[in-house]
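S.K.: Those protein sequence lines, which keep their order, are chains A and B. Numbered according to this note's numbering, the first sequence spans residues 1 to 289. Numbered according to this note's numbering, the second sequence spans residues 1001 to 1264.
Treat the hints as calculated values from the structure; they're not laboratory data. What you are looking at is a predicted structure, and each value in this text was computed from that prediction instead of being measured. Don't be surprised by glycine CBs; every beta carbon is placed ideally from N, CA and C. Be aware that a few hints might be false.
What the hints assert, rightly or not - Below, computed lysine-lysine pairings styled on DSSO-like, alpha-carbon distance capped at 27 Å:
| no. | chain 1 | residue 1 | chain 2 | residue 2 |
| --- | --- | --- | --- | --- |
| 1 | B | Lys1252 | A | Lys157 |
| 2 | B | Lys1195 | B | Lys1152 |
| 3 | B | Lys1233 | A | Lys254 |
| 4 | A | Lys17 | A | Lys55 |
| 5 | A | Lys75 | A | Lys11 |
| 6 | A | Lys119 | B | Lys1073 |
Claimed, not checked - One side of the interface only, derived from the structure: several residues of chain B facing chain A at Cβ under 7 Å:
| no. | residue |
| --- | --- |
| 7 | Asp1119 |
| 8 | His1240 |
| 9 | Phe1247 |
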Amino acid sequence: MKGEGIKELKKYLSIGKPLKVCILDNNSVEFLTWVRKNVSPEKIFSQYDMILIPKWVWVEVCDSDNRKSYINDLKHYSKVQIIDEVDYLTLVDYKEAELYYLFLYCCYNVSRLVSFIKKNILKNRPVEDLDPYEEWLNIFYEEGLDQRKLSNGRIQKKNAGEISIAVLSYILSYYYSGSIDTITIFSSDRDTYEFVSKAKEILYKDERFKDRSNTSITFKSNDFLIYEWTRLGYINEDNIDAFVDNYRQTRRIKFTRKKQDNSIEEQDKLIENTVFLEMLKDSTIHLIF
Amino acid sequence: MSELVTSKNLEQVIEKNKLIKDDILRLTNDFTVRFNKSGVTGQDKLSFSVLKENHLIQIPIDDEYWGGAIITKGSIKIPVINTAQPRVYQYFVAWHEIYHLFYDLNLREETHNIAVDMDLNERRADYFAAKMIFGNVYDYYYSLDDENFIDKVIKCMDVYKAPYKAVLIELFEEAVTKYNDLDLKEKILEHFDNKPDDLVQKFIDLELDAELVKPSYVVSLGGLEKKIQSVIKENPDVSHHKDNYQFLLTLKNKIKKGVEGLAK
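Please construct the entire structure, taking both the sequences and the accompanying hints into account.
M.R.: Written out as structure tokens, the structure is:
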């Protein structure tokens, strides 16, 4: 999406209606194509006003026809938009320096990228003297991100999707907090979660951002979705064992559990399917990621 | 480090030391009580072991004027020591940085306090280092029966593992403030600005271990490797820890390659 499209989106984001926005990660799309027969996209997405997919993620989605057609079908239930990272600048009202910091903070977990950005993009200059956004974004994408060749011949850029999702979610969070009610990232990728969490930690301390109002960013991981679907009765009790068996693997889950005196315990641990099935029956549990 | 001490400002340095002496002696006592619980006796080992607990980074840097620093990042303070400098300097710098790490109010309050006299602050760090390193160097100096002044100073360097100028400053202070030893005072002023440039050979000639006046070229990145390894183990499904580990190894290799050039 370029030019006119992004202006329309900006207008839509600024009408002041409390919007529910969902951002999709590639790994979640893959998962959703598997479970499509059990849980229809309508059930999952009709509650959102808008589904956004950054272009760097869209490139990954398009490696599979299944994923691509899944997304194309979503247009029946919600407004679906693919956003070119170049257009992030329009979304932040051309505040190039702020956009630079959003990228920097969303990369903070990867030392090599931080080093690359400071050395090859900032180049020891004040942030006001940065090259135009489109130029440095291109350098960052082409030279900064690690790459590997996929079996289909496409070059995959490591962490591109995670970073793009994190930056987009903070743009929505900080620049459209007045009209966006919820920002939910559909992802099961721990890196995406950690990139967003790390950036939050730094943004809360940064003078440029810390006192601004912002909309919170939440996640729906695959495990979260399964937990939610059993609650809502989308997967019935007879099928749940087979469902988990087919579509879930041992994975680390971050969750809270309410104790008898109503205090809350935090946990973050590796959960096998047998334990996970027990957790699904336990209503004192809240999955975070 | 503080402004360059020369024979011209040596007297002023001693005057400054007088002002801070009580304070610094209190700190050296405090340090021993708080940080030397295991009774480590080698002062060189003690300073490094304390710094290592604070993620000391040791890297060789091709700059003879850069001994070390405390790098602050938010609330984190990381000591760095240049291992391309002779070991005697490293030992002294280690104590100097310990002062900054634990007792420098400038660093402790995070915000830079401009009311502090930077020169005096650096003098305090140097004086703290001297007081941690030296015992009674004046007596030791006179216990040596060498004829030659420089040979005696070198032997002091050897036993206290201290740099040339640090030995002279300490001797000078004793000579001036305690013993009114004009003869020694003259000798120090005469030699102060002419550090022998062949210290390694001089150590060998005196049958001393010359390693002390050579660089160690140690490369150590503050225990980061171990730390990353352990988070990788705890978080197998997070890929960025592995990336960071690779990046660290690349950096380390790069530094080691650079060292080969330095060490020749």
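S.K.: None of the hints should be skipped; say for each whether it holds.
M.R.: Hint-by-hint comparison with the structure:
1. Lys1252/B to Lys157/A: holds, 25 Å
2. Lys1195/B to Lys1152/B: holds, 13 Å
3. Lys1233/B to Lys254/A: Satisfied, since the Cα-Cα distance of roughly 17 Å is no more than 27 Å.
4. Lys17/A to Lys55/A: Given pair Lys17/A, Lys55/A holds - Cα atoms ~26 Å apart, limit 27 Å.
5. Lys75/A to Lys11/A: It holds: about 19 Å lies between the C-alpha atoms, which stays within 27 Å.
6. Lys119/A to Lys1073/B: Cα-Cα ~18 Å, so holds.
7. Asp1119: violated, 29 Å
8. His1240: Check passed: Cβ of His1240/B comes within 5 Å of chain A, closer than 7 Å.
9. Phe1247: Check passed: Cβ of Phe1247/B comes within 4 Å of chain A, closer than 7 Å.
Checked against the numbered hints above, the structure violates only hint 7.
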